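Peer 1: Given next are the chains, with one letter for each unit.
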Amino acid sequence: MYTLTGLKLKNPIILAAGILGTTGASLCRVAREGGAGGVVTKSIGPMPKTGHSNPSMVKLDCGFLNAMGLPNPSYPSFLQELEIAKKDSGVPVIASIFGGNPTEFKEVAEGLLPAKPDAFELNVSCPHAEGYGAAVGSNPCLVEAITAAVKDTVNVPVWVKLTPNVSDITCIGNAAESGGADAVVAINTLKGMVIDIESGYPVLGNRSGGLSGKAVKPVAVKCVYDLYTALEIPVIGVGGVSSWQDAVEMMMAGAAAVQVGSAVYDRLDIFSEISTGIEAFLQRKGYSDVKELIGLAHEMV
Amino acid sequence: MLPLNATIVKINEESPSVRTFFFDIQFETMNPGQFVMVWVRGVDEVPMGLSSKNSITVQKVGEATSKLFELKEGDSFGLRGPFGKGFSLPSEGENTLVIAGGVGAAPLAPYAEAARTAGSEVHTVLGARSAEDLIFEERFAKAGEVYVSTDDGSKGTKGFVTDVLNGLNLSGYDRIAVCGPEIMMASVFRLLEDRKVLEKSEFSLHRYFKCGIGVCGACCIDQSGMRVCRDGPVFSGVQLRDSELGKYMRDASGRRVKI
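Residue numbers (the numbering used here), protein chains in the order written: chain A, 1 to 301; chain B, 1 to 259.
The set of hints was computed from the structure by calculation and includes no laboratory data. None of these values were measured; they are calculated from a predicted model. Treat the hints with care, since some could be wrong.
[As the list claims (entries may be wrong)] Calculated pairs, BS3-like style, for lysine-lysine (alpha carbon to alpha carbon, straight line, at most 30 Å):
| hint | chain 1 | residue 1 | chain 2 | residue 2 |
| --- | --- | --- | --- | --- |
| 1 | B | K67 | B | K53 |
| 2 | B | K67 | A | K59 |
| 3 | B | K10 | B | K72 |
| 4 | A | K191 | A | K59 |
| 5 | A | K59 | B | K85 |
| 6 | B | K247 | A | K87 |
| 7 | B | K85 | B | K67 |
| 8 | B | K53 | A | K59 |
| 9 | A | K116 | B | K258 |
| 10 | A | K10 | A | K217 |
| 11 | A | K116 | B | K247 |
| 12 | B | K258 | A | K87 |
| 13 | A | K214 | A | K191 |
| 14 | A | K151 | A | K222 |
| 15 | B | K60 | B | K72 |
| 16 | A | K291 | A | K214 |
| 17 | A | K87 | A | K151 |
| 18 | A | K191 | A | K106 |
| 19 | A | K217 | A | K8 |
| 20 | A | K291 | A | K86 |
| 21 | A | K222 | A | K291 |
| 22 | B | K60 | A | K86 |
| 23 | A | K116 | A | K10 |
| 24 | B | K53 | B | K85 |
| 25 | A | K222 | A | K285 |
| 26 | A | K106 | A | K8 |
| 27 | A | K214 | B | K85 |
| 28 | A | K59 | B | K60 |
| 29 | A | K86 | B | K258 |
| 30 | B | K10 | B | K155 |
| 31 | A | K59 | A | K217 |
| 32 | B | K155 | B | K60 |
| 33 | A | K191 | A | K222 |
Start from the sequences, fold in the hints, and give me the full structure.
Peer 2: Pasting the structure below:
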């Protein structure tokens, strides 16, 4: 058992937001078959949204580019899915939520409370939804106000997911901490674009989107490293993790836990595979606790 | 993969609302039942079952397919795939029953051909609203016997494919492959379950896809949480027991919509 912001996780490898998280059944499958220590839902907002037109995600040699556009059924319709995940997944369920301002965030958080999520993750980092995500998440004052508004509303931990598409991610991390966040999650995708040279059209329906997968891992490691120094609260590392080696590296940079997203493309049981790999690594290196890895790189000077 | 550039080399009018687009890319390794993501540039990208190694067969139903219908030979669109799990092929000497409704015949025509090539006896139950809506009757006939049903009785048995199935000895088949409108598939599912042959069946499901590659989760079905784009689109009848088949599907926002 692994404790993170008060949550009891089966292991420190968590399903990232926006991946296989639209239905309660798929969240349960990731937990049970995949072996995730916890699961984060698709980001849920105040109104139903169909998202951007397709193509909404393409695989590249170096990772994935996506622009889903925050499709979600809105919080009233998502309640039943969240209830299923809570009832049958057997792991903590973290509700990812978004809104355009503190009031909307508060409304969505309040609306999902009846299904008793174990924590909330605030999406202030989606790079391709007008008026939402990174549009609010690159403004430290808004991030602090949003975090404070949700903290006022709920009595479960609140994580804040940060965008790397800012000049200084620690500034946004500090704002989340000041607002009362229990942890920050870093990073969301990096802005990117691919163009079909046969036609000249950008490939994504939204024209541009967010890059995830292998290419972003070094960026994520650096962001986590910097946030670990700047903040008191735990940093949850996410971005390009697809092996236990990646997860260990992320923890050495300062991650108290690791989220895995795009790598479910390779296999669903990536979570148990990473978790088992970390255990073997700890044993081989003679560490008594996975916590000894957290921030280790900072001591190596 | 990024979309490949597919140039249209031939267009066949299969029925008043269904056309086959042949393109200049050959998916040599495709399994019947697999799909491609068809990108009509500037409009949308939609999943389509391959009706042969180098064609898709499309019913005009929405914005993307309407735009596709405006394309002519020499025009091009984007293609990603083939993706997903197709129908499992029979072994030599096995008896195969194909049950196709409407444009659901598209992925089943190459399946019937491949099953025949594999040395299976192939029978097809082909249903449509009326005679002019029957798709690929000739291709199925080349693979084996065909039983036709039309809603209006303009050809074959008047009624649904289930009316034909009622008269067949289903225990004589080793494999049963089904694709068609969801309501038809749900009726066939119940019939096969009643006749205790569900274990032999496979169904190709249609759901709203976003990523098409098994990552986003928009197409997951209840109660299993399986991804139609990656774990399917072809599922065994047994996998679909107690599923949402015939009851509801999720729209682009993830809301459940009754069928």
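Peer 1: Which hints from the list above does the structure break, by number from lowest to highest?
Peer 2: Hint 22 contradicted; others consistent.
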